[in-house]
Each structure stands twice: as structure tokens, then as C-alpha cells.
Amino acid sequence: MSSPAEQPILEARGLVKRFGGRRGIFDSSPTVHAVNDVSLRIARGETFAIVGESGCGKSTLGRLLLRLIEASEGEVLYEGQSITALSQREMRRLRRDLQIIFQDPFASLNPRMTVGDIIAEPIRLHGLARGKAVQARVTELLGIVGLRAEYADRYPHEFSGGQRQRIGIARALAGEPKLIIGDEPVSALDVSIQAQVINLLEDLKDRFGLTLVIVAHDLAVIRHMSDRVAVMYLGEIVELSPVDPLYEQPLHPYTQALLGAIPRPDPKDRAAPKLLQGDVPSPTDLPPGCRFHTRCPHARQLCQEIRPVLEDAGGGRGVACHFWREIAQMETATTQRARTDGALDRRLEVYRAAQARREADSSQAGKIL
Amino acid sequence: MSVQAEAIAPRRRLGRAATKFLANRSAVFGGVLVSVFVLMALLAPVLTSYDPFATSFTSIRKPPSADFWLGTDELGRDIYTRMLYGARASLMAGVVSVAIAVAVGVPFGLLAGFYGGWVDASVSRVTEALLAIPFLILAIALAAFLGPSLTNAMIAIGLSATPIFIRLTRGQTLAVKTEDYVEGARAIGLPNVLIITRYIFPNVLPPIVVQATITIATAIIAEASLSFLGLGQQPPNPSWGSMLNTAKNFMTQAPWMSIFPGGAIFMVVLGFNLLGDGLRDALDPRDH
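So the sequence lines, in the order shown, correspond to chains A and B.
Take the first sequence: its position 94, counting from 1, is numbered 136 in the working numbering, and each next residue is one higher.
Take the second sequence: its position 258, counting from 1, is numbered 579 in the working numbering, and each next residue is one higher.
The reader is advised that the hints may include incorrect statements.
So the derived label-pair ranges between C-beta atoms look like this [as the list claims (entries may be wrong)]:
1) P455(B) with P153(A): 55 to 65 Å
2) A171(A) with P455(B): 25 to 35 Å
3) V367(B) with A171(A): 47 to 57 Å
4) S347(B) with E192(A): 28 to 38 Å
5) Q319(A) with T340(B): 49 to 59 Å
Stretches of chain B that chain A covers, calculated by requiring three or more beta carbons in the stretch to come under 8 Å of a beta carbon on chain A [claimed, not checked]:
6) 495-505
7) 517-525
Chain B side only, calculated, beta carbon under 7 Å to chain A, not exhaustive [stated by the list, open to error]:
8) P469
9) A508
10) V514
It should be emphasised that the hints constitute simulated quantities derived from the structure, not laboratory data.
C-beta: ideal position from N, C-alpha, C; glycine also.
Given only the sequences and the hints, what does the whole structure look like? Please build it.
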């Protein structure tokens, strides 16, 4: 038993989720392996990001953590207590603590309820306030997310995407939760609005001591917000790491490919990005061994046969790759070579000198005129 | 903050739906038609001085005149008066039978759609079996089984229309169930009963209202058909269908006996259909 201070607020142990797989005379469907043997520990007060391509099971994992869908195998522990076996009634009581913000702000609010009712519902349901106090609390929550109190009488369709997402956040906060899962909370919003909502979430996190779990595919958003990142590929966590080391030195070849796909405004980095070849294999027909071997530039015989497990890579990092040490050595070698290549530096020097000369000439010309 | 949302006056949605409905001319026409017939049925004793049952040997099959505005029937009864009282039977039959269909069909549809599994399988199989039988044939069979009376006709029509509402509600529930806001309701810990009543039901209601309005029209025709066949309203009580039944024997000698009840059925059915279409457009909250 770990001490309460180290105890994670939320922990997943060997979570598996399979969809379909029915075999009947009239309907049979192939089994979709959405989440495969995922274990993770989310520390109190941190922002934990789950990142991956669409279809990698990250949203499913988010819902499994809240038990919005039932896991096929494995269990989820909240405050050290398994929530997998809780009855519906006990689970409903617990839902106060665990909230979710949805991706699509246009689909996540009941169109037939006013904003006031939407926000008041969790307050009334969990008996947090009565009578007039409910309205006062709704007004307060609207204020917290930066909306005006008069909006309580309106219907969701009267609001823009960013405003609706704020309403969704206010509702999530209404039950005074301890942990909020954001399922791609900003990906449906305009870029200008994204920043506002992200800042709002960060403020709220500090203000109410929340733990945030952000499911996303936008690596820039993740780097800005999170403390730790889990990278998912085909339903598995391939790398789990504090955010800065992950971005500075990704260990897993998939993480490297993901980060390599971000365009970088750096003239010294002229190497063509190493983009992944091929498509993600179908989750109904998973490759044997390492899930990533069909697209991995470093794949070898072993990768096709044995599935790598998430192993400790030091510094709180974990990586699921047989050859991560060798790959890391190769990567350092190539980056060093790139740095010692001074051709670009010499060319830049010549360019800057020419520019300085021209500026000097034109200012002299200005004096003559 | 979006400028658009700021510009909208804080009116309630019902107000906007009404505005939209009133801007739709055919919908208003349908509403007026239906209201006229409802008023006729309610105010029948005020609108006529005749007794719908009083026969007269001296005025048999008289054409329309100042005394008998729409003529008289084969027993010398005033057709205008009998039509006013007949409107009660027709509208009652339409509304009551649809109320039965909605009251039975919507809960089954909600349960089947929401819970799925064996609940859905059993409800759906029964619904499909009932839908395989043509509506009117089923109503006639049920009415014949229950015995001829207006009440039994209404029950028969109501039960025959039930599968329509089960299927519609189930389909809408399946669509609404997958919406994020329903998952959101589960996420705050709302019990299933409240999810169904607060989240599913209000969002499946508009198409049901529309279907109900249009089904009232069908039910009125069904009641007229059953009465025409002698399975609905029993003589001497008037109903448009039973009036047509007797009128068919005098088509050439006394066409007014069939034209006016037939025209009334036509107009009230048209009214309910236009009203239903108008409601469908007005109740959609998404395109204001």
C-alpha cells in the first residue's frame, strides 16, 4: 500500500475494451480492439494528457476511466477504491467527483433545456443547494466561466461554439468535481477561441485544485497544458512521460514520427520530415507482436513476434519498444551531426553581412537625398 | 462573445415557434379549419335550433333551403344539425384514438429504444407483425371483434395506430440516445428514469406531435369508414361516416346527403394535415 500522499487520484489497471464480436445467425460483427491492456496512474493535481491519432482509442479510454462505458477487462480505481464493481446507485453518487467536457459543444448540451437548467441540474441532483440558492450558484458558475448571468434563460442554440463550451464547463464544475476529463475540449473550436478555453481550464484547475485529464490530438495544445503525456497507438500506451522530455527527446519511434510531423520554423532543420508510411492497421485485425511494427522504420524480426511492454526508461518515463535504447543513441548521433554541419551557418553569415551592407548603403542614400 | 448571440432578444423558444407558425400561411389555414370544426362540435346546440334525432314525414330528402340549410335526410332530419353533432363523434374519435395510440406507443418506443437488447427485440417484433397488417383492415378486425360502438371503434383505431408511434418513438430514441448530451446526463449521475423523461422524451417529442396531428386525420377517416360499415357510431346517433352510409343509397336522388358530410371529412382531414406540417416546421428549434 502506498501512502495517501502518493496515492493516485485515478488509476487504471489492465483496462481492455472490445466492441462487437457478436456471432449470431442474423448479425455478426468483427471484434474491435479499442483499448488493450492500458494501465496508468494519474496523480492528484496534475494535468495528464492522452494523445494519439483518431481511432487510437483515446476517447474510449477517457470514457472507461469515468465508467461511462463498461470495461471488458481490468479495473479503474478512484482514490484507491475500485469503481468497476460499484452498483449503478453508488456510481451515480461518485459521478459528482468525476466530470467530463465533450468535444463537440453543439452536441453536448440538451437543446430543450435552458442554460440555467443545464447548469442547475447537477446542483439539484446532488443536493448541493436548494431553492433560491440554486439560482445564485448558477449565476456564480456563469461568472466563473466568463458568461453573463442573463444567459441562464436562453437555450444552447443561441450561443457560439466557444460560449457553449463554457456552458459545458460550468455544468461540469457545478457538482464541485475533483477530476475533469476533457475529451478533445477545444478541437472543435476556432483557433482564436481555443486559447481562451485552454486558459479558462488552466485557471479553473488552479482555482479549484482540479486534476485534469486531456484527451487530444493537438500536440501544441498538449505541450502548453499538460504535466505528463501518454501517447497511444492502436489502443495501447506506447510512451508515457513528463511533457518536456517527451517533446525534447521522444523515445518511441511512433512519438518521434508524431512530433516529426509538426512543422518547425527553423532554417537549420532542413531535413525532410520522416513521415510514417502506410495506414493505421484496422483495430479489428491487429498485427502480431508490436502493434507499430507495420509502420516502424526501425522494425526487426523480434517486433513481429513479441509484444513489447511499457518499460521504465528513467526519469518517470515509460516506453513500449524493444529497441528504444539503440534508437535513442542513433537519434543523438544524427542530431549531433546536424549541429556540426556548419555550411548553413556560413551561408547565413554571408547573408547577414550583405544585408548589413545594404542597410548602410540605403541610409547613406537617404542622407544624400 | 459572438455578436449574433448578443443580438437575439431573450425570448422563450415557444414564442419563436409561435411566430414561425403564424408566418406559415397554410399552417394557419389548417389551424383555422381545425378550430372551426372544434367550435362547431362544441357549440352544436347553439348553432342550430333543430334536434338531430327529430324525424319529419313532411320533409323527407328536401334539398338545401332557407329552412334546412344543407337539406334533410331520408327520415326528414336536418343534415346541418346532424353534421354539427356528427363533428363531435368524428373529432372525439380522432383525438381519443390518437391519444390511446400515443399513450401506449410512446412509452414502449422509449423503452425499446433506450434499453435495447431483449426489450427492443420483443417490442419490435410485435410492432412489425402489427405493421404488416394494413391499418384499416386491422381497425375493422379489432372493431368487429370488440363489437360495434363508437367507444370500441376508438379503441380499435387507437390500437391499430399504436405501432406507428412505437416505431417512430423507438427510431427517434435510438438517434437521440447517441447524442453527447445524453452521455453528459449519465456523466453527472442522472438516473435512467430522468434521462428518459428530461433528455430523451423532450427531444423525440416534436416528430411525435407532428405524427399525432396527421394521424388524427387518418383516425377520422378510419372512424368514418367504420361507421360507414356499421362498426362505429350506431344509429340514430349521427356521425359523418354513418351519414355517408345511408346517403350512398340516395346518391342520385339526394346528392346533398353525401356531399356535405363527405366535404366535412375532406376539410377536417386537410386541416389536420396542414396543421401537422406547420407544427413540424415551427417546432424545429435548430432553424430559427
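So, going through the hints one by one against the coordinates:
Against the hinted window of 55 to 65 Å, the Cβ-Cβ separation of P455(B) and P153(A) comes to about 37 Å, which falls outside the hint. Checking the proposed 25 to 35 Å range against A171(A) and P455(B) shows it is violated: the Cβ atoms sit about 56 Å from each other. Against the hinted window of 47 to 57 Å, the Cβ-Cβ separation of V367(B) and A171(A) comes to about 54 Å, which satisfies the hint. Distance hint check for S347(B) and E192(A): the Cβ-Cβ separation is about 36 Å, which falls inside the suggested range of 28 to 38 Å.
Range check, Q319(A) to T340(B): Cβ separation about 58 Å, and the 49 to 59 Å hint holds. Given a C-beta distance limit of less than 8 Å, the hint that chain A covers the region 495-505 of chain B holds, as 5 residues qualify and 3 suffice. Interface restraint, the region 517-525 of chain B with chain A: holds (4 residues with C-beta to C-beta distance below 8 Å; minimum three). Interface hint at P469(B): violated, since its Cβ lies 42 Å from the closest Cβ of chain A, which is beyond the 7 Å cut-off.
Below 7 Å, beta-carbon pairs count as interface contacts, and A508(B) has one with chain A at about 5 Å; its hint therefore holds. Look at V514(B): its Cβ only gets to about 12 Å from chain A, farther than 7 Å, so that hint breaks.
In summary, the structure is inconsistent with hints 1, 2, 8 and 10 from the numbered list given earlier, while agreeing with the others.
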